[in-house]
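A.B. asks: Take a look at the letters that make up each chain.
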Amino acid sequence: MQDTLFTEAMENAYQVQIEQFEGPLDLLLHLIKKNEVDIYNIPIAAITRQYLEYMELLKELNLDIAGEFLVMAATLLQIKSRMLLPVERDDEEAEVEDPRAELVRRLLEYQRYREAGSDLVARDLLGRDVFARKFASSELAEMAPEEEPADVELFELIEAFRKVLSRVSVDSFHNVGADGISIADRISEVLSLLHEKRTLRFDDLFHDGMNRDLLVVTFLSMLELCKLKLIRIVQVESLGAIWLTATSEEGAVPENADIESDFEGEASVGG
Amino acid sequence: MAGKSLKAIVESLLFVHEQPLSLDRLALILEEFERADIRQALEELVADYEGSERGIVLVQVAGGYQLRTRPEQADYLRRLNKTKGVKFSQSALETLAIIAYRQPVTRAEIEYLRGVDSGGVLKNLLEKKLLKILGKKDVPGKPLIYGTSKEFLELFDLKDLSSLPTLKEIQELAPPDPFADQPALPLAAEET
Amino acid sequence: MAGKSLKAIVESLLFVHEQPLSLDRLALILEEFERADIRQALEELVADYEGSERGIVLVQVAGGYQLRTRPEQADYLRRLNKTKGVKFSQSALETLAIIAYRQPVTRAEIEYLRGVDSGGVLKNLLEKKLLKILGKKDVPGKPLIYGTSKEFLELFDLKDLSSLPTLKEIQELAPPDPFADQPALPLAAEET
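Protein chains in written order, with numbering that gives the first Met the number 0: chain A, 0 to 270; chain B, 0 to 191; chain C, 0 to 191.
For the record, the hints were derived by calculation from the structure and aren't laboratory data.
Here a beta-carbon is modelled for each residue, glycine too, at the ideal position from N, C-alpha and C.
Hints are supplied without guarantee of correctness; some may be wrong.
Said to hold, decoys possible - Derived coverage of chain A by chain C (criterion: at least 3 residues anywhere in the stretch with Cβ under 8 Å from a Cβ of chain C; other residues may be distant): (1) 52-60; (2) 100-111; (3) 119-129; (4) 132-139; (5) 152-158.
To be verified - Examples of chain C residues toward chain A, derived with CB under 7 Å: (6) 4; (7) 15; (8) 68; (9) 76; (10) 97.
Claimed, not checked - Simulated pairs of lysine-lysine, DSS-like, Cα-Cα distance not exceeding 27 Å: (11) C:158 / C:128; (12) A:162 / C:141; (13) B:135 / B:122; (14) A:32 / A:79; (15) C:136 / B:167; (16) C:136 / C:149; (17) B:158 / C:141; (18) C:128 / B:128; (19) C:167 / C:141; (20) B:167 / C:158.
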């Protein structure tokens, strides 16, 4: 019991320390600093030993070792072995590079960006140190445009596409209707509901308890009804509720549904 | 030194707060100051803004104080809205995304993917010249087929359509990793 | 009469606009005024706010002008909003710094410099809109290239990318560095 407690305490202690390292470069910089050695003349054997000890410690603690740490361990060992080889004197003009040079460059560069990062965060950050009016002024609200203003980024475009695809699972369409309700049945159900209520919320047709097949059948029924021009599906505002209306009923159709005339070629949605 | 006085503090609070701030609320926030001093700071600020040739005034509304633009400025402010450039709703973005990635594509295909009528959005995107009609599809009904335009590429600063990032590339950035516990072997080629 | 001068108009526009306003944009909105006059109005406003005992300053940031509170006021404003503001992890900061100074940059380059997988951080920074995808690099594998966004400049109070503080030179520590000036990274095939 005592033992377990002790080990756990140890583990926690190490974990705290381990989390400080962002990666192998971070760890190496730490070791160099701790040993107070010249970064241009790293005692590679000693540093490699300490690095491997640290890996060993992680392993003993049963902690995951990220692949990058192992790659670096291999690199260090490789440098160490190259340091042991005698320098060939044959071709004088091509100066042989110190095996450590590449690593030193990486470490220095990494350190440079790490410092730049802390310089960045020490600036007067908007929302932390300085504040701007990050809300739509009431003066503008009265004359606001209908659509949300947005500087759109490529990433947002992809995210929008991803969201669409996640809503429509393509393979769910392949195994429809093995048992349960048919599209034709569901169509008449939707129609009779619409007959009673004139307009329906899209969400109302999907209940929590519905199985996947019924969801798909319902969705396909709506598409079919659209195709047959028996219903209209409209969304008044972005992210707002989606409504179904029977096309025979004129009144309740929101404004932005007046597009048919602009798309004669598309009027008969078909395929 | 600027910015340290109570007046400056009150001004900055009024500046960043969306709703009017009452004296009570200010006194609560600025607990180390006297209520009377805060009141005086407010009065001075009202006078400062009123007196000089300013675009902003400090007014008393709805039981509090609020910085507002002068009514004379309304015409100019309205222009700000007009020149906001291309605007995107979520539905426009979705539609644009589908067309960008699935072109050539018909309206029916777009609506199939989105699950909602997309005529209005399409019209809007065509008007903004972000889309173009590529022709008619050779199927019954001869539906129009859509693609993205040169302006689309310009908007997103893309050289050509092949520079559009794929969904896969984004998903690869941070995939749910089923092998999280298995570190890559150090033997593998250094591909990081 | 107050509020009619160009300075007052510019002030009110700056006041209501959420993002920094550039001189170009202002010149477009205020078409009946001379660009030079608008510039002068801006300069006078900067001086007005700077000189007096004010809680607000007019700063140049992200390619435009924006009214902001003074850093000295931060403590009081935090009481109002109860916001802690943005928090950055070490990895997010490292990654941002690399991208800010080396853009356009690929994921492989970032990971080489950091020594660790950076997909998750990249995705996170993209979602926070601090980065943008600039397109694809014209090398085998066509990796995506990244840069910082306007929001990045706004957040870090930077006028533009050239006002980033200069990177501390390696030379300070060492003999003259033959590898200065951002050498191309020794990455083989650019596969992310």
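A.B. asks: When the nearest CB of chain A is found for residue 97 of chain C, is that gap smaller than 7 Å?
C.D. replies: Since chain A brings a Cβ to about 5 Å from residue 97 of chain C, closer than 7 Å, the hint holds.
A.B. asks: Quickly compare the C-alpha distance for residue 136 of chain C and residue 167 of chain B to 27 Å and report which way the hint goes.
C.D. replies: holds (17 Å)
A.B. asks: Do three or more residues from the segment 100-111 of chain A put their C-beta atoms closer than 8 Å to C-beta atoms of chain C?
C.D. replies: holds (count 7)
A.B. asks: Does the alpha-carbon distance linking residue 128 of chain C and residue 128 of chain B stay inside the 27 Å limit?
C.D. replies: holds (26 Å)
A.B. asks: Minimum Cβ distance from residue 4 of chain C to chain A below 7 Å?
C.D. replies: Violated. Min distance 18 Å.
A.B. asks: Do at least three Cβ atoms from the segment 52-60 of chain A come closer than 8 Å to Cβ atoms of chain C?
C.D. replies: violated (count 0)
A.B. asks: Just to be careful, I want the Cα atoms of residue 158 of chain B and residue 141 of chain C compared with a cutoff of 27 Å; is the pair within it?
C.D. replies: Measuring from Cα to Cα gives roughly 13 Å; hence the hint holds.
A.B. asks: A closest beta-carbon separation below 7 Å is what the hint needs, so does residue 68 of chain C meet it against chain A?
C.D. replies: The hint holds - residue 68 of chain C has a Cβ within 7 Å of chain A, the shortest such distance being about 5 Å.
A.B. asks: According to a criterion of three or more residues whose C-beta lies within less than 8 Å of a C-beta of chain C, is the segment 119-129 of chain A covered?
C.D. replies: holds (count 10)
A.B. asks: If you take the shortest Cβ to Cβ gap from residue 15 of chain C to chain A, is it below 7 Å?
C.D. replies: holds (4 Å)
A.B. asks: Is residue 167 of chain B close enough to residue 158 of chain C, meaning Cα to Cα at most 27 Å?
C.D. replies: Roughly 35 Å separates the two Cα atoms, so the pair is violated.
A.B. asks: Are 3 or more residues of the segment 132-139 of chain A near chain C, judged by a Cβ distance of less than 8 Å?
C.D. replies: holds (count 7)
Against the hints set out earlier in the document, violations occur for numbers 1, 6, 19 and 20.
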